[in-house]
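A.B. asks: As a plain string of letters, each chain reads:
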Amino acid sequence: MSRRTLRLVGTISGQLGLLAGAIFIMAPALYMLSASFMTSSEIFSTQVKFLPASLNWENYVEVFARFNFLRYLSNSVLVTGAVVILNLVFSPMVGYSLAKFNYPGKNVLLLFILATVMVPFTAILIPLFLIIRNFGWVNTYQGLIMPFAMSAFGVFLMRQFMLGVPDDYIDAGRIDGASEGRIYFQIVLPLIQPALITLAIVVFVANWDEFLWMLVVTTGDALRTLPVGLAKFREQYTTRYELMMAGSVIAAAPVVLLFLAVQRRFLQGMAGLSGLK
Amino acid sequence: MKTRVYTLFALMIISAMLLSACTMPAAAPTGGAAAPVADQPIELLYMTHNHAQSIPVNEAIVAEFQASHPNVKITFDNAPHSNYEQKVLTAFAGGQGPDVFWAGDWMVPQFLDAGIVAPVDPAAFGVASQDEFEALFDAGALDAFKADGNIYTGGVSEYNTFSLIYNVDAFAEAGIDPLPKDQPITWEELADIAAKLTVKDGDAVTRVGLAWPFTTPIWTVLIQEPMLRQKGGELVNAEGKADFTQEPMVAVMTYLQNLRNAGGIDPATYTDLLQDFASGRSAMIFGGPWAAKPLSEINPDLNWETAPLPQFADAVDRVTTLYAWAWFVSAKSSPEKQKAAWEFVNLLTSKQQEWWDKVGYVQARQAEVDGMSLPEYYAQSDERLATIFADYPYGKAEFRSTKYFELSDIWTRAQDRVLSGEDVMTVLQDAQAQADAAMTE
Amino acid sequence: MTAIFASRQATNQPKQPRNNGLFGNTLEARKKRFGLLFAVPAFLFFGAFYVYPLFQTFYVSFFSWGLLDEPSFLGITNYTRLFADKEFLNAIWVSFFYAFGVVIPIWGVALGLALIFNQAFAGRQAYLTTYYIPAVISLTVWSLIWLLMYNPTFGLFTVVIRWFGITGVRILDDPATAMLGMIILSIWKGTPVYMLIFIAGLRAIPGDYYEAAQIDGARAWQRLLFITLPLLRPVFLYVMVISIIEAFKVFTPMYLLTNGGPGSATRVLSMFIFQNGFQYLKMGYASAASVIFLLILLLLAVFQFRLLRFQQSD
Chain W
0 MSRRTLRLVG TISGQLGLLA GAIFIMAPAL YMLSASFMTS SEIFSTQVKF
50 LPASLNWENY VEVFARFNFL RYLSNSVLVT GAVVILNLVF SPMVGYSLAK
100 FNYPGKNVLL LFILATVMVP FTAILIPLFL IIRNFGWVNT YQGLIMPFAM
150 SAFGVFLMRQ FMLGVPDDYI DAGRIDGASE GRIYFQIVLP LIQPALITLA
200 IVVFVANWDE FLWMLVVTTG DALRTLPVGL AKFREQYTTR YELMMAGSVI
250 AAAPVVLLFL AVQRRFLQGM AGLSGLK
Chain E
0 MKTRVYTLFA LMIISAMLLS ACTMPAAAPT GGAAAPVADQ PIELLYMTHN
50 HAQSIPVNEA IVAEFQASHP NVKITFDNAP HSNYEQKVLT AFAGGQGPDV
100 FWAGDWMVPQ FLDAGIVAPV DPAAFGVASQ DEFEALFDAG ALDAFKADGN
150 IYTGGVSEYN TFSLIYNVDA FAEAGIDPLP KDQPITWEEL ADIAAKLTVK
200 DGDAVTRVGL AWPFTTPIWT VLIQEPMLRQ KGGELVNAEG KADFTQEPMV
250 AVMTYLQNLR NAGGIDPATY TDLLQDFASG RSAMIFGGPW AAKPLSEINP
300 DLNWETAPLP QFADAVDRVT TLYAWAWFVS AKSSPEKQKA AWEFVNLLTS
350 KQQEWWDKVG YVQARQAEVD GMSLPEYYAQ SDERLATIFA DYPYGKAEFR
400 STKYFELSDI WTRAQDRVLS GEDVMTVLQD AQAQADAAMT E
Chain S
0 MTAIFASRQA TNQPKQPRNN GLFGNTLEAR KKRFGLLFAV PAFLFFGAFY
50 VYPLFQTFYV SFFSWGLLDE PSFLGITNYT RLFADKEFLN AIWVSFFYAF
100 GVVIPIWGVA LGLALIFNQA FAGRQAYLTT YYIPAVISLT VWSLIWLLMY
150 NPTFGLFTVV IRWFGITGVR ILDDPATAML GMIILSIWKG TPVYMLIFIA
200 GLRAIPGDYY EAAQIDGARA WQRLLFITLP LLRPVFLYVM VISIIEAFKV
250 FTPMYLLTNG GPGSATRVLS MFIFQNGFQY LKMGYASAAS VIFLLILLLL
300 AVFQFRLLRF QQSD
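Residue numbers (numbering that gives the first Met the number 0), protein chains in the order written: chain W, 0 to 276; chain E, 0 to 440; chain S, 0 to 313.
Incorrect hints may have been included.
As the list claims (entries may be wrong) - Quick list of simulated restraints, FRET-style, between CB atoms:
1) W:Gln185 to S:Gly122: 32 to 38 Å
2) S:Gly216 to W:Asn101: 38 to 44 Å
3) W:Ile84 to S:Arg308: 33 to 39 Å
4) S:Trp162 to E:Val368: 34 to 40 Å
5) S:Leu228 to W:Leu259: 26 to 32 Å
6) W:Leu77 to S:Phe22: 25 to 31 Å
7) S:Phe82 to W:Ser12: 32 to 38 Å
8) E:Glu296 to W:Ile84: 23 to 29 Å
9) S:Trp162 to E:Asp356: 48 to 54 Å
10) S:Ala121 to W:Gln185: 32 to 38 Å
Stated by the list, open to error - Once the Cα atoms are required to be at most 27 Å apart in a straight line, the calculated DSSO-like pairs of lysine-lysine come out as:
11) E:Lys145 to E:Lys395
12) E:Lys292 to W:Lys48
13) E:Lys350 to E:Lys338
14) W:Lys48 to E:Lys199
15) E:Lys350 to E:Lys145
16) W:Lys105 to S:Lys31
17) W:Lys105 to S:Lys30
18) S:Lys30 to E:Lys240
19) E:Lys350 to E:Lys72
Source of the hints: derived by calculation from the structure; they are not laboratory data. Virtual Cβ for every residue (Gly too), placed ideally from N, Cα, C.
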């Protein structure tokens with residue numbers, strides 16, 4: 000076979016493989032999407048059913064009408080948006096500090112930061128609640144946002160990526176007389192752009208799904224977020240699967256959109272270097 | 000270099016200790032201790048779980064109370080049912096506990112132990128003493144809430160027993176007659192029927208005879224405890240010590256194992272109690288009056304009937320279960336708040352018609368609605384419920400223990416193992432060991 | 000290198016002057032000050048929100064506390080009871096089984112997928128989105144979807160593996176397979192995030208290295224082995240440490256699908272802690288278990304740091 004044919008076969012089988020893989024990976028999510036249009040008797044039918052008989056939009060209508068989902072959605076956007084922004088500002092700073100500088104207590108700090116997530120949230124829930132209460136932040140947006148303003152994962156991620164930034168670039172900046180601040184903003188940050196985007200996405204998804212804290216710190220529905228809304232479908236004696244699936248599609252949509260929006264930049268690679276294709 | 004590290008660490012520890020000294024985990028009082036002044040503004044926090052139909056009813060009652068008591072402002076909060084206890088506990092531990100709240104009667108021992116609930120204030124209900132207050136309710140309904148001569152609730156919000164609910168069409172398919180409504184069948188008969196009702200397609204079970212809510216410990220107790228008591232046993236003795244190896248328990252577990260082996264129940268098929276039943280994946284369930292409404296919503300065409308809870312052929316006594324959710328007032332609130340709270344609960348408990356019509360909650364506070372007594376009124380909305388109501392008098396409240404959750408978990412784990420085929424006696428001895436360990440605290 | 004991570008060597012250097020290098024106008028001093036300055040947010044934030052809770056957890060572990068009442072001092076009783084508690088020991092074992100059962104496949108699959116997505120091909124962005132979707136769905140909903148899918152008669156999972164001739168599978172019912180069921184759904188959901196991180200890491204490798212290698216005649220697998228993987232080491236350390244921490248903390252699927260059962264086959268340590276804290280109202284006991292939890296993860300992390308030689312760039 001000629002090289003060209005070989006490559007064509009390779010491409011086609013590669014595409015088929017990817018497609019098969021995509022369907023496989025997406026199967027549970029596709030099932031969820033399908034179930035969001037089913038009635039509960041279809042979901043629980045005694046005939047195996049993976050496609051709804053018809054597109055039953057009632058679930059979505061009911062989710063918005065009876066369950067306050069618009070409020071939850073806007074709260075989620077506000078809270079998670081703020082958390083992501085705060086993380087994007089502070090986590091790289093700390094990561095840079097931990098990666099490229101030497102000062103006393105550096106490694107203890109890193110270990111300590113990691114230790115804060117090495118306990119189940121259950122264990123620190125009440126003490127954290129007490130702190131927020133002492134700040135007077137119960138049932139406020141600050142109370143929802145501030146405990147997540149930085150994350151151990153974010154700091155650690157930034158540190159690891161900053162480690163990979165070649166010292167030469169930074170030293171070059173110093174030799175040219177740039178201030179440390181300028182080096183940070185104009186040399187280091189652009190170099191780790193994919194990592195910043197990853198940080199944004201990871202923090203966004205993690206916070207979007209945060210449930211327990213959002214429940215405990217809020218009194219009443221006014222400030223509650225999507226995960227609390229989703230939990231409402233698990234009722235006292237039964238679970239409204241069909242509504243939960245619809246609610247989940249609504250909850251997932253913004254995240255997917257966000258992901259689509261940043262993908263391009265994410266795949267661009269290190270700016271200013273002869274990157275890969 | 001090292002000294003710097005340690006200094007830093009020490010500084011952090013010291014600052015932490017200072018911070019924690021300021022905010023020790025004590026259940027701080029939620030209200031002020033100001034001298035009671037008439038018509039002083041009062042704020043109450045009212046918490047319930049989020050049974051969907053109950054929320055509008057609660058909100059309406061809150062509005063009504065605020066209208067008639069202009070100095071009282073009630074904040075109504077509800078949390079998802081599955082996380083409700085966590086929410087309430089965290090609120091209390093954080094000094095932000097609710098003033099009025101729902102809780103299950105199985106929580107009473109823990110509440111009493113911690114001194115967190117207040118004894119009822121009869122004046123708020125328009126009576127002179129606690130005895131008169133008790134007389135407002137069905138006989139025995141408040142037994143679970145009594146301790147050292149006091150009643151610690153303002154009334155039951157939801158009051159249930161379990162009876163048998165079955166799918167008539169499934170019965171007909173299997174050639175089984177509908178069950179008698181006035182006489183309970185025996186567990187042994189139930190086992191036969193369940194086995195006959197199970198439908199298989201190859202080795203896949205397309206319909207299981209009897210749904211057995213396997214993963215929820217509370218349900219384990221609600222179903223198995225009547226069985227245990229019918230055999231003359233009692234999980235927890237007067238001193239609060241649990242006994243898993245008693246003869247009656249062995250008998251019950253053996254029965255379950257046989258039921259499983261005959262195919263009458265099947266752990267793997269359980270997904271959701273009502274949905275499975277409504278769609279025909281299970282042919283029989285245990286349920287209370289609360290089942291009627293959801294079933295008709297999920298599947299209006301379902302042809303279901305009720306029957307009394309089965310009894311063992313050699314039962315020493317006819318026993319069913321009884322459990323309730325109730326309104327509690329926090330003992331941590333200021334006296335003025337408590338007073339207002341009891342008045343609020345009085346209003347809440349006098350809305351029997353709404354609680355039934357809109358929410359399907361059976362009330363224990365007696366009343367006449369449309370000239371009928373409450374049980375008559377309930378039965379009138381769906382005749383099949385009369386059978387369930389007939390089971391109430393035989394109901395006994397669940398065992399009382401501050402270790403309720405641990406023991407019910409141990410019980411459920413033992414049930415799991417027995418249903419997977421392990422030897423009953425070995426499993427129960429392990430359970431006993433776990434229970435003994437749990438007791439030492 | 001601070002003393003914590005380097006092997007301890009006898010230092011025969013003369014006694015250092017008191018100046019720790021933070022003062023003065025040298026480049027070194029300026030750098031140190033700047034580094035410290037940029038770390039201040041961390042001191043403030045973690046100090047304000049997490050020092051106290053962590054310390055509180057440690058503190059409460061020496062008490063008996065029922066959440067609704069006052070704590071009472073117990074000394075180390077909680078710890079001695081823990082180590083005699085079969086459920087606790089089972090929880091540790093089950094957690095290890097689950098955690099490593101989940102993370103090891105994730106490392107492989109995430110890296111593999113990342114290498115694939117690092118190449119340009121038709122529809123790359125579309126595929127990347129679809130591969131990412133499982134990460135986006137809330138864990139509670141994801142678990143409930145799998146509850147439906149694992150149904151031994153009607154579930155999607157059961158139906159599909161029947162095509163492959165595997166019948167009679169009752170995943171959640173059998174103590175031997177229940178944890179496997181949890182592992183499968185966790186791998187499915189967890190991989191995309193790490194895939195993204197690996198992609199970011201691959202994107203950060205300067206193309207020059209590959210070009211130089213290609214000029215030197217290195218083959219694809221050689222480039223992978225001698226350039227890509229070593230340069231990915233910091234990222235790989237992150238993935239290792241964080242994935243293990245996350246895996247240990249998860250208990251929603253176990254709670255929703257089997258409530259720790261059958262028996263205690265899926266009762267992981269984080270669930271043990273939750274139940275003891277918020278259901279049995281034994282917060283002191285749960286805190287002690289949390290401290291052990293922390294120590295386990297800390298030891299694992301330190302081990303991994305040493306394994307991948309936690310240090311500046313190679």
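A.B. asks: Which numbered hints does this structure break?
C.D. replies: 4, 6, 7, 8, 18
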